[in-house]
Amino acid sequence: MSNLDTAEGVTKFLRSKDASLADIVSTASSLLDDLLDIYLPGKKLFVLNLLCDRLNDKSNGKFGKWKFDINVWKLFIKTWEELSHDKLEREKSIQKLKIIEIAVILLNQSHDNEVLEAMFQFLEILLKESHIEADENLAVQLLKSFIEHKDMLADQEKVLTWTELVRDIYTRAALKLTLEGSKKFYNKFFEECGFSLIRFLLESNQQLSSSIVEELLIQRVFDEESIQYFQSNLERALKKQEVDAGILIYLYQITVDQLAAKHMKICEETYSIISSKYPSLSEKLLSILASSNNTISHEFIESIYKTEIADKNFKDLNWAMVKYIFEIDSELASKKSGFLFKTYQSHFGLDDKVLPVGKVIVDGYLKNRELVEFFTKIWPRAIKRDELWESDSFIDKVAETVKSFSGKQLKNVIETCYSLELECHRAIFMAITKGLTSSPVRLVEAVKPTLLDQNEYFNSKENFWGIRYYLLCCFGKEFSIPDRILKPDIDLYYHYTVFRLLELRVITDYSKSNQEYFMATIKDHLGSFTKMFRRWLVIFNHFFDRETLSKLLALAHNQIVFNDVFFEQTKLTTALIKFILDDIVERVPLLHKIPIVCFNKSQKKKILNNLMELDLSKEVLETIKYMLLQPSLLSKLEIDSSNLLKLLKAADRNTRDIKQDIVKTVWKNNIQQVKREDIEDYVLDTLANVNKHLSSKEAHVIDAPETELALIILSNTHEEVLTQGIAPSYAELKKNFTMYCIDNLNKGSRKSVPEIAWLIRALVVCSSDTLNYEDVKVFLSGLGGRTLSDKAIQSAVFELICQTIPIDYRGVVYVLSLFTALKSEGTPEYNCLVDFLKKVATNPELFLQVYQFFVKSLRDVPVEFTGSFVQISCALLDATTKETNSAACNAASFSFFIDTMKKSDDDDMILFILSNLRDLLTSKAWMFNQYLLETTFVIINRAIRGLPDLKKQEDVYILASQVMSHILLYHRFKIATRHHLILNVVSSLLEPLANGRTQSTALSTNENAGAAYARLLSNLCEPIERVGDKMTHLTTSANYFKKILRRHLPVLLSNYIHFSLKYTFSRVVNDAIILGVYSIFDVLSQAELRTVNASLDYGGRSLYKTLYNDYKDHGKWKDN
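Taking the numbering used here, the leading residue of the sequence shown gets 1, the next gets one more, and so forth.
Among the clues, some could well be false.
Subject to a maximum C-alpha distance of 27 angstroms in a straight line, what follows is the list of computed DSSO-like cross-link-like pairs (lysine-lysine) [as the list claims (entries may be wrong)]:
#1 Lys601 x Lys618
#2 Lys974 x Lys1062
#3 Lys675 x Lys605
#4 Lys306 x Lys277
#5 Lys902 x Lys882
#6 Lys605 x Lys636
#7 Lys403 x Lys367
#8 Lys571 x Lys618
#9 Lys1062 x Lys1105
#10 Lys606 x Lys668
#11 Lys487 x Lys397
#12 Lys65 x Lys158
#13 Lys487 x Lys593
#14 Lys184 x Lys98
#15 Lys593 x Lys571
#16 Lys408 x Lys359
#17 Lys664 x Lys605
#18 Lys625 x Lys606
#19 Lys903 x Lys839
#20 Lys649 x Lys664
#21 Lys87 x Lys62
#22 Lys183 x Lys158
#23 Lys150 x Lys92
#24 Lys353 x Lys408
#25 Lys578 x Lys593
#26 Lys1042 x Lys1112
#27 Lys377 x Lys397
#28 Lys951 x Lys974
Simulated DEER-style distance windows between Cβ atoms [claimed, not checked]:
#29 Ser789 x Val597: 23 to 31 angstroms
#30 Lys150 x Leu555: 28 to 36 angstroms
#31 Leu153 x Met612: 28 to 36 angstroms
Just so you know, these hints were derived from the structure itself, not from any lab.
Owing to the predicted nature of the structure, the values given are computational and were not obtained by experimental measurement.
By construction, the Cβ of each residue, glycine as well, lies at the ideal position given by its N, Cα and C atoms.
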């Protein structure tokens, strides 16, 4: 390090084998920064060349370790950037760098993510600013090393960037290949990367990068020009190595997804290649192939049939494979499935595996149009062989096929089935009748005579209840059932049949004995309650007694869908409430499902009393609050104030708010009925208890339940509704509570900040007529600066001062000054200031005096108080009345808004101004003379011009368009001669929606902004009739406005065409505003249309013609 005072010494040191890497990097950095007192021409290129040489070193020596050092890469990037002025020389030097080989080494050997991050950063720079030379071998090595790299960064965004870099380098290398090279490259890619890419997709948590990796895999492996090499490469790869089952399944899934539509042969051969080495995967692979819904060759599936079915013993069959084989080939299902129905018996214990196969076979007969044979020959023989084939599940599957018959076919099937052996009848006719319930009407009508002719036969068999039920569903009263067979039974379909007869009013009673049999029957059908209640809800309500309903609900309440239809059933609803009361601890959640109007007062009383005895968890409290939505005024909670105190006393941080809400609700409910004698006694008793506490020595505790109850009472009582007997006690409470708060505030030094905030807020809520300003000044003077700096206390104090301060000139100016000072810290409530100024406005002279004083101060507003002054201006505008004669002051406020918007880019301030103007245009319409309306135009234009500098561009734009719409809707008659100004604003609002402007906004693709502009155009072009217009002339006011507007609209239409050609509108925005543009055409006459056409150039006229034709096709009103 001692020879760094000469160029030779520095260069020698930087090339040194003995110096430490850290010293070399530090010296090189100092050299670049001109911190060494030497003259070395080309020093930057020297450092770059040195770094290239050292990074290219692949040895295990000292120089070979340079590439693993983060500081080397930082120096490399720095050197590259320093040479940005000499790109030609930089490019010559960098071509020596074997960057891809270096990247491969780092990915294989380094676990330092900082080094990898720096390397990829430089790789990205080279890809953008230079050229990376990579042949197919290097590109494949890079891809393989990247996807196999362990300890990948957790930052998915960065890994996504790296993945895109590797993909781009690989893709560029792939583009250079010849056809011969393509085969070689494909083979190498498949061998090196194929399985590794899939492993990355299966095991990596890099979701953002997965789509790129999968896309790369699909593009390379399943490329149309190279797919011919796929099977040979897969076969070769499986011979060389063992591959995880998950990888092969994933590969086959992609193969089927990509190739099944065009290259099913490859999918079939791929199945054979994989299954030949891994037979255990055959089932999964075949399921993937079956789910592709593409045609699979009969030869292929027949070969699998031979292997998996024909060559195996019955008990050795893989039933999942059998299912997939028959699923794929319906011909095999119908022609080769006979062995199943002939051989299988339930004692084999394979029902759960064999039944799905049977269902697939049914589908096979359906697809092959051989259902007649199945119904008349195959199924009857199967039923005789084993009971599985007459199970409900199999019958349901067969029933689904009935609707595919023609009327003639089904009629023949039914007639043939009559002649079959009796043991087959129940299952076959059950399937036919059930299937008819979801069949076309024409099919039902076609077989009606054939079925009804056998009425007596269907009523003669004991186990035909299901058939009888479905015949009733299909034919109603046309199918008759004799009373003699309607004897209680444990067959569920017997009860369904009776329910259907009740529904048809054939019978009118469901006996107690029937109900008992039904309850015994449904214990074997506990999973059917949802379906049962959906179908028979009304029957349960009308024909079951209360005891049975309670038992039924006990079994079914977890499965019932409680909806409006359920709660229309009075008996069921009453039974449900009784069921809940029987064990309310476990059934509290059910109460929320019952509409509050379904409870009577007696039920509410019982429920509330029971709930109050439980552990008052949040769930129970929510339920109490729900039950009080409609009061009973009978429960202990509602008639005994001590329960309210208990509730407040037990409140903790998690339940305080909800308990206070309950107490408020109870009090409000009682006050609404205060004229009732018992309620009046309750209110008087409550007031007396609270007054007694406030007068006692125990009243020093701030959060005592009595003080909380006092605040709730005072903040939720309107004095005008109180009776003469209650009013004195209520007045005493106000007085006592005010004194209680003041006494505690005078001891402010002993109180915590939250306690003081609570006390002041309490005074704000309830002491407007029991507290004077002098008392407020006294206790405020005793509060420390730390206390008064709390924002919650500042806000409460401001509200209290607004309530108590004398309303005179000095007091009002003080309030405005206080608001200005506090608002700069974001504390006081704007609405509180508005309410205060409205009180001031009752004295017009005082209000005008204050307003004039404020306007004078607008000439030079400090920046930090601008927000406060804007809000005060808006509050004064909101509070002004006709009697205050403040037109000049109002104009000054509007001018202040313009000046503020010129100087500020505060989104919230601009939104506040626009929002208030929008509201004032309707609430204070009398305020807006022509001058103020024109000033409002300026404010809108100012907001639009400032859009590029704002963050909330959409909100500002929509509000500005709404302000303009309000002017057109409510003040058009005042600006009838100012349409040139209106059109100027409307054109200004159009411009931000256009693409490609110098000062662009985020609105050029904003659908909401486009819709707002379309509404504005609609309001502009479709004037409304003025209410109260006297029709003393032939032209209506709407037509009068259209006539004036017609002269100016051509300019707006030309502007739209100009912006469309010069900047263009995005599809989203143009689709939104085009309806508004059509409304312009509605107003223009042929003369104006010709004027527009004459003002346009060739391109403009072409677009104009297209617009007008679209308007005639889609936008113009047509009477037909």
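*Mind listing which of the numbered hints don't hold for this structure, in increasing order?*
Failing hints, ascending: 2, 5, 8, 11, 13, 19, 21, 22, 23, 24, 28, 29, 30 and 31.
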